[in-house]
Amino acid sequence: MSKIVLKDINKYYGKNHVLKNLDLTIEEGEFMTLLGPSGCGKTTTLRVIAGLESPQSGHLYIGDREIVNVDEALFEPPAVRNLNLVFQSYALWPHMTVFGNVAFGLETKKLPKDQIKERVENALKHLQMLEYKERYPSELSGGQQQRVAIARAIVTEPKILLLDEPLSNLDARLRIEMRSEIKRLHQELKTTVIYVTHDQTEALTMSTRIATFFDGVLTQVDTPIELYKNPCDLQVASFIGNPSINFIDAQGRYENNCLIVDSDLGEMTFGEDSLTDEPKQDGEFPCVMALRPEQVTISRTEMEGIPAGIVYMCMPAGSETLVHITVKSLTLLLKEIGITDYDIGQKVWITFNLGITNIYNSLSGKLIKRATE
50 MSKIVLKDIN
60 KYYGKNHVLK
70 NLDLTIEEGE
80 FMTLLGPSGC
90 GKTTTLRVIA
100 GLESPQSGHL
110 YIGDREIVNV
120 DEALFEPPAV
130 RNLNLVFQSY
140 ALWPHMTVFG
150 NVAFGLETKK
160 LPKDQIKERV
170 ENALKHLQML
180 EYKERYPSEL
190 SGGQQQRVAI
200 ARAIVTEPKI
210 LLLDEPLSNL
220 DARLRIEMRS
230 EIKRLHQELK
240 TTVIYVTHDQ
250 TEALTMSTRI
260 ATFFDGVLTQ
270 VDTPIELYKN
280 PCDLQVASFI
290 GNPSINFIDA
300 QGRYENNCLI
310 VDSDLGEMTF
320 GEDSLTDEPK
330 QDGEFPCVMA
340 LRPEQVTISR
350 TEMEGIPAGI
360 VYMCMPAGSE
370 TLVHITVKSL
380 TLLLKEIGIT
390 DYDIGQKVWI
400 TFNLGITNIY
410 NSLSGKLIKR
420 ATE
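Residue 335 in the numbering used here is what sits at position 286 of the sequence shown, and the numbering runs on without skipping anything.
Be a bit skeptical, because a hint or two may be false.
Stated by the list, open to error - SDA-like mimics (lysine to any residue), calculated; alpha carbons at most 20 Å apart, straight line:
#, residue 1, residue 2
1, K69, G100
2, K239, L223
3, K396, E351
4, K56, N70
What the hints assert, rightly or not - Between beta-carbon pairs, the in silico distance windows are:
#, residue 1, residue 2, range
5, S348, R184, 26 to 36 Å
6, I359, N70, 43 to 53 Å
7, D392, D264, 43 to 53 Å
8, S103, R184, 32 to 42 Å
9, G320, L371, 27 to 37 Å
10, D313, N402, 26 to 36 Å
Honestly, the hints are just simulated from the structure, not real lab data. Since the model is a prediction, treat every value here as computed from it, not as a measurement. Glycine included, each C-beta is placed from N, C-alpha and C at the ideal position.
Work out the full structure, taking the sequences as your base and the hints as a guide.
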């Protein structure tokens, strides 16, 4: 069993409270990504799981075993946790061949040579590196060295694989290539993977679930699709998505169990079925409408009752086109798939689906109307 449960974990570095009452459950066989900006606590969480850091309070369970119990001074060492860690730096031994690097952990366990050979070659084959087994790290590219580091981690068949920003040193093309390799590897081996990154694209494309962190607090744990569609608060919404989401200041009020929102895009009514469980305020209150750039459609033809805007800037980017449009006091960033062109100052009309919009309470920052489509 490789289910991981962290309960009420608190970690301090001096007076700096880096993990605050962390509760997180990672199911067996899951690909869980810890996502957030630098200094948010995601790497510290990984190191607590690995046994490289000891929390000041809380409990950690792996499978049916309690690994950490601060109250009882229980802290099992990393060697008995049946996990492997791949760091941001590859940490390959330069004097050893690829085969030697991957085999090292098995040799220390004194496995028979034929078994070591079989397992090392199988691991290298998974990472498409078998033909390079006699080369030295200096003869490999950065992407190839990263594959060797991962092969070394999986060859001992750990129940849990921890990856700490393993792709951050690679160029853009290699990062995309390695994402698919790591995701394929997870699906083949069924190992529980915990992956740390600040790159939301990595998180959204590879994970079964994502845990978002800000300032040492676990903010939201959800599937990539649900996290993208319904960020739980303004902080998560502003962090997830590239290009960034559009925030539109508005005024809201509740009438007959419906939410009515008035902004420069007009007055809109949202039914009770799309509202969250957040407490409803009396009277009018400030709120924020959130629209992702790809959720808005641009029309060159006038449409009655539809907001008109003026093209401020058009930026073709190959497979997509980014368009800045001003609507009254708003400036919206919109995205169209493919190559299109608009003239600066051109009048256009914009439409969007109310079912996929998010509304947040400006005072609490919490989601009050979720996307239902």
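(message) Which constraints among the numbered hints does this structure fail? Numbers only, ascending.
(response) Hints 2, 5 and 10 not satisfied by this model.
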